[in-house]
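For the protein sequence lines, the chains are G and W, in the order given. Going by the numbering used here, 990 is the number at position 84 of the first sequence; the sequence numbering is gapless. Going by the numbering used here, 208 is the number at position 177 of the second sequence; the sequence numbering is gapless.
Derived from the structure by calculation, the hints contain no laboratory data. From a predicted model like this one, the values you see are computed outputs, not experimental measurements. Just so you know, even glycine gets a beta-carbon here, dropped at the ideal spot from N, CA and C. It is possible that part of the hints are untrue.
Anything over 10 Å on all C-beta distances counts as not near chain W; from chain G, calculated [unchecked claim]:
hint	residue
1	913
2	927
3	935
Quick list of simulated restraints, FRET-style, between CB atoms [stated by the list, open to error]:
hint	chain 1	residue 1	chain 2	residue 2	range
4	G	1029	W	51	36 to 44 Å
5	W	34	G	1072	26 to 34 Å
6	W	59	G	1070	13 to 21 Å
7	G	948	W	51	38 to 46 Å
8	G	995	W	96	23 to 31 Å
9	G	1060	W	138	57 to 65 Å
10	G	1071	W	100	36 to 44 Å
11	W	96	G	986	45 to 53 Å
12	W	56	G	1030	35 to 43 Å
13	W	51	G	926	36 to 44 Å
14	W	139	G	967	42 to 50 Å
15	W	59	G	1030	23 to 31 Å
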Amino acid sequence: MSADAGDLGLVQRAQRGEKAAFDLLVRKYQHKVVKLVMRYLRDPADAEDVAQEAFIKAYRALPQFRGDSAFYTWLYRIAINTAKNAIVSRDRSPVEFDLDLQAVEESQMLQSRLADSATPERLLLTEEIRVTVNSAIDALPEDLRTAIVLRELEGLSYEEIAQAMDCPVGTVRSRIFRAREAIDRRLSEVFEGGLGRAEEMG
Amino acid sequence: MNEQEHASQLSALYDDELPAPQAELVVRRALKDPHLRDAWSRYSLIGAAMRGEPLAGLPGEDLAACVSARLAGEPAVAAMEPDVAATGEDGAGRSWARGAWGMAVAASVAAVSLLVLRAQAPGPQDAVQLAAVDAAVSAQPAAAAPAAPVAQPAARAAQPAGAQALAARSEPPSYTTPVDNSVPGQLINYVVAHSDVQASVVRFSPMSSVVSASYDPAEGAVDMSEAEIGAHR
């Protein structure tokens, strides 16, 4: 199975003019790109603006993408360049980040900076989402939890997870899907309740 | 195939773990089905929440929706440039096409320049006059050389440095272009005759050397003394 086949298929469709295909790529990578850009920009709102700009640039540059590298590698390069250009144009010094920081420390730092500027409603919703996702993962059966953690946190392929869990690839695929479905069910409750509460607060 | 199976395939597609033929079908389905697209977004959100990434895709503040809105006003990329994937044309091919296009433009500019220069070049009458001047100029050194071969260095010593350089190249002491009412033609003669001093002249305005030459419309000729020529070196 070719790695990045799904992304490549979407890219090729976007290259043929299907903007909806590019929209799926944006939905998939928006969080990662914002996280990446926040290594360079202090303000989360600025980071989201720059992430938007990076996606727009990527869309305009799609005709030049030939699939020599994975789409996200190409996209990340665009995002980093866009962030650096934003720093230069706004004459701001970049945030000094040690890129070798442990993921937990980095995450905490990003969270604290997000908390500095986010609206109360957004903070509340964000926190609820995190708590819900974590509690949903804790509530998963062991095999589902292991599969989703190895995939989302460790970035292992289905083949690697199958080897680690000593089961067929098809079983890994099924376990990851069931884990997502279980988390998604809990999440949909938060979205409905969370948004309702935010409106009440406003 | 039921909805659960569609969603299962979407999950595998999200992880880039679906074989290409199946992936094509699921992508096609997802592009038409908003429920599948929303599920795709939530898979992304779940992963981001697990990794502690900033949650950019929250309802009401959806980054993807903002990007989509901005792209709505953009032409489709297929309209910007020929599709690489669809045509099978690689980057080298496109580079070659760009190079050929550039060469074609350069050749067109060169052809137009040649036509313009030809239109401004001296006519047959001027050519006869120029030939006569050339013959007279070439006869001068030939006649003078045998007569005073030894006195030449002394005479050169009295001349300005620029004039000495001219004499060393067997150039005439002065240039006289034939009578012509069209100023551009005279200027071309002048520029052609002084092409060897171009390197020094370009340090100034291209027209500065031309202006310094005295042009008398009444006489219809441009005269440059050796001293003036030397001053331009």
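Hints versus structure:
no. : hint                       : in the structure
1   : 913                        : violated (6 Å)
2   : 927                        : violated (6 Å)
3   : 935                        : violated (8 Å)
4   : G:1029 - W:51: 36 to 44 Å  : holds (42 Å)
5   : W:34 - G:1072: 26 to 34 Å  : holds (30 Å)
6   : W:59 - G:1070: 13 to 21 Å  : violated (33 Å)
7   : G:948 - W:51: 38 to 46 Å   : holds (42 Å)
8   : G:995 - W:96: 23 to 31 Å   : holds (25 Å)
9   : G:1060 - W:138: 57 to 65 Å : holds (59 Å)
10  : G:1071 - W:100: 36 to 44 Å : holds (42 Å)
11  : W:96 - G:986: 45 to 53 Å   : violated (24 Å)
12  : W:56 - G:1030: 35 to 43 Å  : holds (40 Å)
13  : W:51 - G:926: 36 to 44 Å   : violated (19 Å)
14  : W:139 - G:967: 42 to 50 Å  : violated (30 Å)
15  : W:59 - G:1030: 23 to 31 Å  : violated (38 Å)
In terms of the numbered hints stated before, the structure departs from hints 1, 2, 3, 6, 11, 13, 14 and 15, listed from lowest to highest.
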